[in-house]
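> The primary structure of each chain is shown beneath.
Protein chains: 2
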Amino acid sequence: MLLAQAPDGVPTITRGDDLAAILVPVLERMSWPDGSTGLADGDVVVVSSKIVSKAEGRLVAARDEAERDSVIEGETVRVVAERARPDGTTLRIVENKLGLVMAAAGVDNSDVPQGTALLLPEDPDASARRLRRGLHARTGVRPAVLVTDTAGRPWRRGVVDMAIGAAGVDVLSDMRGSTDAYGRELRTTVIGVADEIASAAELVKGKVSGRPVAVVRGMGHLVTPDDGEGAASLIRPPEEDMFRHGVADD
Amino acid sequence: MLLAQAPDGVPTITRGDDLAAILVPVLERMSWPDGSTGLADGDVVVVSSKIVSKAEGRLVAARDEAERDSVIEGETVRVVAERARPDGTTLRIVENKLGLVMAAAGVDNSDVPQGTALLLPEDPDASARRLRRGLHARTGVRPAVLVTDTAGRPWRRGVVDMAIGAAGVDVLSDMRGSTDAYGRELRTTVIGVADEIASAAELVKGKVSGRPVAVVRGMGHLVTPDDGEGAASLIRPPEEDMFRHGVADD
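As given, the protein sequences belong to chains A and B, one line each in that order.
Mapping of the first sequence onto my numbering: residues 1 to 250, in sequence order.
Mapping of the second sequence onto my numbering: residues 1 to 250, in sequence order.
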């Protein structure tokens, strides 16, 4: 059984906040169907990158559209595709410094003070490891941590959450070598489990509910004592990337 | 709280099987943390397209690589990208008859008898509606139904599940018009909730566990009396598609 909940009561996070110290009392108030409360070993704590960025002081000035464009440009490594919007602005899908391909390079201007924009954490895997250590130090249990962000997908409408930072959880579940019911080897099935956990967590966190943290229980078989290779390993290397040079359809 | 479980005991499905009749006893054996059993209103029943296809008799002959290629070609509307694999075969990402962009046009040759391949359901939204009606007729409750398949993503390693058929559930959750904590309107946030539910369900179903059905509970706010517009509405229309002509990197 998979269980996921997003506790209420996470306060507004600002620069310099110790996320583990702030989240532990919130997480300890969670109650579970079996009557237990709080975190347990094998839990995956899923945190929106937004509050990680805020704690890490990644808010920058972006007083107008031009400043915001220049912030995005500063985060951009290459443009993958671009298209004119009906309102005259340009939608650019770009690869950012983290290797993530997303609109606006992952620069966020919702739920931030007017005149500012929020950059993604500089090293989300390091952020996840740090939060994992902090949660362990304060609770004695060793959950895994995912840092998530929201992105669109080519060909499909709607955004979904994905893992951009990870500590202590298999981000890919490799089924190759397993055989199907007819004895044939499964050739290509490597499952993006961290992204699936991020999506499950989004369903309980929501976008405007002020619940930036969720706990996913029941995935303990994916949780590891070591921090592991992190979500950076989810990024397809250039030589496997068939959509490296997207072409705008304008 | 979101809960998801994938019951054991779904028998092998073959052509002509009545999926609702076969699944109801399996689903009725599920037990939930609150002590209840079976299905309830507001549940989302998530079914792998594989068993829907098998019930609908979508198995075709594919005795060798050449026949399999010709089956894939028959399902292909256009090639979006292609690349030579190290083993000399060609990996093609194509749009299939349903408008889905995937490798091998969604033609499946794992967990099917030797010498055959399995096509996707001809109309997965109709399959979802039919199963929903059947479940309602047999149980009196009216869950939603998703039919799911597995696909890769550009730029990210690992496959994830997505919804290719839907009945009775909002496939997109439109947050536009909502405001953030600073009073600004959320401009672009339409969430692909059906795909997120499909991903959550995959985490409990798994690929080789013989559990092709999961039930996701706690998403009743997305479940609707009407069958709704289905998963076809998740497909990005050509005029919004910035990756219509992917370019192979060879």
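What the hints contain is simulated information worked out from the structure, not anything from laboratory work.
We put the CB at the ideal spot given by N, CA and C, even for glycine.
Incorrect hints may have been included.
Short, incomplete list of chain A residues facing chain B, as computed with Cβ under 7 Å [said to hold, decoys possible]: (1) Val10; (2) Ile13; (3) His136; (4) Gly158; (5) Ala200.
> It remains to establish, for every hint, whether it holds in the given structure.
Here's how the hints hold up against the structure:
1. Val10: violated, 12 Å
2. Ile13: At 12 Å from the nearest chain B Cβ, A:Ile13 fails the 7 Å test, so the hint is violated.
3. His136: violated, 24 Å
4. Gly158: holds, 3 Å
5. Ala200: holds, 4 Å
Of the numbered hints stated above, those contradicted by the structure are hints 1, 2 and 3, listed in ascending order.
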